[in-house]
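One line per chain: the protein sequences are A, B and C, in this order. Oh and the first sequence: position 14 is 14 in this note's numbering, straight run, nothing missing. Throughout, this note's numbering is defined as the position within the second sequence, counted from one, plus 1000. Throughout, this note's numbering is defined as the position within the third sequence, counted from one, plus 2000.
Some clues are possibly wrong.
[Stated by the list, open to error] Just the calculated beta-carbon pair ranges, DEER-fashion:
#, chain 1, residue 1, chain 2, residue 2, range
1, B, Ile1014, A, Arg299, 50 to 60 Å
2, C, Ala2077, A, Gln193, 41 to 51 Å
3, A, Ala3, B, Pro1147, 40 to 50 Å
4, B, Trp1009, C, Gly2199, 24 to 34 Å
5, B, Pro1147, A, Asp139, 34 to 44 Å
[Unchecked claim] As a list, the in silico DSBU-like pairs of lysine-lysine whose alpha-carbon atoms are at most 30 Å apart:
#, chain 1, residue 1, chain 2, residue 2
6, C, Lys2073, C, Lys2285
7, A, Lys99, B, Lys1309
8, A, Lys132, B, Lys1133
9, B, Lys1309, A, Lys132
10, B, Lys1324, A, Lys99
[To be verified] Listed next, the stretches of chain B that the computed footprint assigns to chain C, with coverage defined by at least 3 CB atoms under 8 Å from CB atoms of chain C:
#, segment
11, 1076-1086
12, 1201-1215
13, 1245-1259
Derived by calculation from the structure, the hints in this document are not laboratory data. A quick note: this is a predicted structure, and the numbers were derived from the prediction, not measured. Just so it is clear, CB atoms sit at the ideal spot from N, CA and C, and this is done for glycine as well.
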Amino acid sequence: MSAWEVFVQQLIIGLSNGMIIALIALGYTMVYGIIELINFAHGDLFTLGCFCALTLVGALGLEHAASVIGLLAVVPLFCGGLNWLVERLAYRHLRDATKLAPLVSAIGVSFVFMNIALLWGGVPMEVFGMGKAAAAPKDFPVLVSNDNLLGESPVQFTAKDAMVAGVTLPLMIALTWFVKRTRTGKAMRAVAQDRVAAQLMGVNVDRVIGQTFLVGGALAGVASVVFAVYNNSIYFQMGYRAGMDAFTAAVLGGIGNLPGAVLGGLCIGLARAMSDQYLATRWTNVMVFAILILVLVFRPSGLLGGKLREKV
Amino acid sequence: MKARWQFHWLFLVIVAVVPLAELVLPQGWRIAALLRPIFIMAMLGLGLNILTGFTGILNLGVAAFMAVGAYSYAILTCDIYPFQLGFWSATGLTILVGLTVGLLLGLPTIRLRGDYLAIVTLGFGEIVQDVLKNIDTITKGTQGINPLPAPTFFGYAFRSEVYWPWYYLFLGCLALVVLLNRNLRRSRLGRAWISIREDELAAACMGVNTMQRKLVAFALGAAQCSLAGALWASFLGSTGEPGNYDFQVSIMALCIVIVGGMGNVAGVLLGALVVAGFNSIVLEDLTSFLKAHELISSSNVLTVPGNWKYMLFGLALILMMRFKPEGLLPSRQLKAELHPHEPRNPPSL
Amino acid sequence: MSLLEIQNLTMRFGGLTAVNAVNIGIPEDKIVSLIGPNGAGKTTVFNAVTGIYDPAAGHIRFNEREVRRPFTKTTAAALAFVALVSAIGFAFAANIEPLWQTAITAHYRYLQPFAWTEAIMAVFAYFGDEFGLRFVVPSAIGALLGGGGAFIVWQRSRRAPEVAARAGIARTFQNIRLFSQMTVLDNVLLGMDTQLRSGFRHAALRLPSFWREQMEATRKALEILRFVGLEQEVNQLAENLAYGHQRRLEIARGLAMQPKLLLLDEPAAGMNPAEVSSLMQLIRKIRERGVTVFLIEHHMQVVMGISDHIAVLDHGEKIAEGTSTEVRRDPKVIEAYLGKSHEDVAPT
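Using the sequences and the hints given, assemble the complete structure.
Take a look at the structure:
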């Protein structure tokens, strides 16, 4: 492959992975926008979604590419519902406490989720290796093939890449419509901007926050299906990496800003691909962290964010 | 104000006497040797306490500082490298390295809000692990740097079979750290830290140099954690692999501070006893018990007690935040801060 | 000659102009009040003066100088130092493994003495071989990031609240912001932070100078508490104080800073008439101590009773200024408070 072809290949890989990161970043940013809490458990929610998807594949013996649609119907509901439940049980009463309490609770939830994923890996099903090594990575069966849609070209744009784009792009358009046009979406934006004013306008703040967690969780669920089908491997600690990448993406784009999360996700995906190819895979995580620090020092409001101010 | 019994001195005195008591106690009661990792975790917890308990900066990656301490100590003492310093000078230099690394993390991050800062520290914890793994010509990758020579004290070389010199070494270091933290807490610096935790903007309006104070907190907290790492490496005779200093350790330190009581030294010591004690003693005993009775099977993941660690730490954090956020041994200061809707208690004088 | 000069101050939040081209001069050793209906922008003016917000336009001069951290030679030297250290640090970090190999691994034989001079020569040779890529590039990146980052952080902190505080401006807050879990004494001692000198080693080692300063500071703090009338509550937790006493504690904390100018934001809010008159007495005593007072207040008895000078704000603009008699009669002021249809009713 020529240097140009290598570059284009990395571009494709970067954008595909970037779209997955963008989906997770959207969930982060939505929750942050509305209650100013970084939901540490979001990455681990993504992990549980992957395990849920694998369980369905194993239990129902799914093999065909079309079953991805089925997964996309069930897993987001699972993740969204779980996220909604966690908000209800662990975060709701802490909303007015000091800033430390909800953070620490979120870390606690993150750990509980991670342990659930660990134990889930020991379930005596074939897809989980008959529960022999609970902590080991699990293979996710191939549902969408790796065939190059560009035929004999050295640059590969596979069916998998097409699937990623095919799921993510319409979803983002739908999300934009949801946030801008529907009543719930407008209520979410209102509560994000000024909770008291929204309440005075008759918005049921508790319900809207719950709905935000539901939608954010569902986005993580979609991301987990896409990730699992694209990468064919899951393990119980993957939420940490995914969470860090998504958080960096959200901050890069401007936290609380939905288009920013998408832009950030794509940028981080590209950065990772370029770093893998032109630097060294073992330094990629350090690269992402460096990007995070650079953004937080030089432009903390992100690429698309406005100025942040504390009202005294 | 002196009515509250000084838990930390009581703890240290009792713990100093335990090995003597062991001379007369039967075999099953001998836990003194098992207390050593608890002392190390207590030092780690106290380091985190400076950042989180005093200054209100949530740090989720203190294991990184511990790793830096362990590896610095190892590079300085191991005979595969030319430095080969003794225990005492190596430990001193390691503390300096810890101060520097703390500053390095603090400098770009002091202006950040609490939750952003927490995630950055989480990322830092992972990055340090990655870097240590990557520069394997120096750090020997997953093999770790070993063997490390034992400390010598006036000519006497510590051995791994004899536990009590280690015991008193760790206890001595812990006592010094406790004294330092207690002195700092009741001083101009400690007041400034607590004011930053309570209301950073008001503190700044009073002229407190919040940036500099936070940097000092980072440096000192990191130095203490590095000391803990150096002692641990010295004890093990090896650094172990970088993967040993992962966020399980960081979260255990956080549990110690949260469960015991944020912002007060006595609380952290109690937290170390409870959390690290549970981890080192109870879980180990439970695992041996289950193994002896053949209740652990490798094919049933639910039966291995070690597989429930994350869940227990996580639940501990969630439940503590829900019901007793000030900790088991609350600093009087923190109690009302975290229960904003409850009626105020009269102060104990 | 004014102690504080607010010139053409304009503050904007999003699309809203909260303060519009406001000019106020505070003469030394006087009590000046800032009044106006709620939402007029009064606290915003205070926040701009104390460095919490950056003005969109205009200047704030205290003692003839802008309230910002000056760009001194020390600052420049510090930034240069940071850039230099970052440059060297990056250069070494980018090359750490090969450096280690050329310097240490190549020269160290197990249990033999180490050839230090040869190792150092090897380091120089390593960089000399390919100076550009190995040394210059990472150094340049490091210098840019380190120096640039430090400069940006410094630049953003030029109008930090501590700059105003160090210059001699103290303040209280509209919603009381005491350190509620610290004792009354500790709150005042915290206010004294800028006057104290003991640092880490004095505290850690409990040197004699630490104890001396502690005693001296406690003595001064008690004197201030006596001045405001809180000497009975020295060891009480701040949050357990009665409301009126909490306001006094905030004032005491501000006085502990030895300020030249004290900004009081609605000090009489929520007070009964007895508390109000003792507050007025206290403010007069503060002026006698040589502290200029600039206060925001709604309580007209206080404003008219103690002010040497009054400025009136409405919807972010200064609509009137003068003595209490002048302001009381000004039709624009009456209109702002009571609306157009009331003509001869003076505000009470």
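A quick look at each hint next to the structure:
1. Range check, isoleucine 1014/B to arginine 299/A: about 53 Å between beta-carbon atoms, so the 50 to 60 Å window is met.
2. In this structure the supplied range 41 to 51 Å holds for alanine 2077/C paired with glutamine 193/A, their Cβ-Cβ distance being about 45 Å.
3. A beta carbon spacing of about 47 Å between alanine 3/A and proline 1147/B agrees with the range 40 to 50 Å that was offered as a hint.
4. Between tryptophan 1009/B and glycine 2199/C the CB atoms are about 26 Å apart, so this pair conforms to the stated range of 24 to 34 Å.
5. For proline 1147/B and aspartate 139/A, the hinted distance range of 34 to 44 Å is satisfied, since their beta carbons lie about 39 Å from each other.
6. With a C-alpha separation of about 41 Å, the suggested pairing of lysine 2073/C with lysine 2285/C is violated against the 30 Å cut-off.
7. At most 30 Å may separate the alpha-carbon atoms for a hinted pair to count; lysine 99/A and lysine 1309/B meet this at roughly 26 Å.
8. The hinted pair formed by lysine 132/A and lysine 1133/B meets the criterion: a straight-line CA distance of about 28 Å does not exceed 30 Å.
9. Of the supplied pair hints, the one linking lysine 1309/B and lysine 132/A holds, its CA atoms being roughly 19 Å apart against a limit of 30 Å.
10. About 16 Å separates the Cα atoms of lysine 1324/B and lysine 99/A, which keeps this hinted pair within 30 Å; it holds.
11. For the segment 1076-1086 of chain B, the proposed coverage by chain C is satisfied: 4 residues have a C-beta within less than 8 Å of a C-beta in that chain, meeting the threshold of three.
12. With 11 residues having a Cβ less than 8 Å from any Cβ of chain C, the segment 1201-1215 of chain B passes the three-residue criterion, so the hint holds.
13. Taking a C-beta to C-beta cut-off of 8 Å, the segment 1245-1259 of chain B contributes 0 residues in contact with chain C, too few for the three needed, and the coverage statement is violated.
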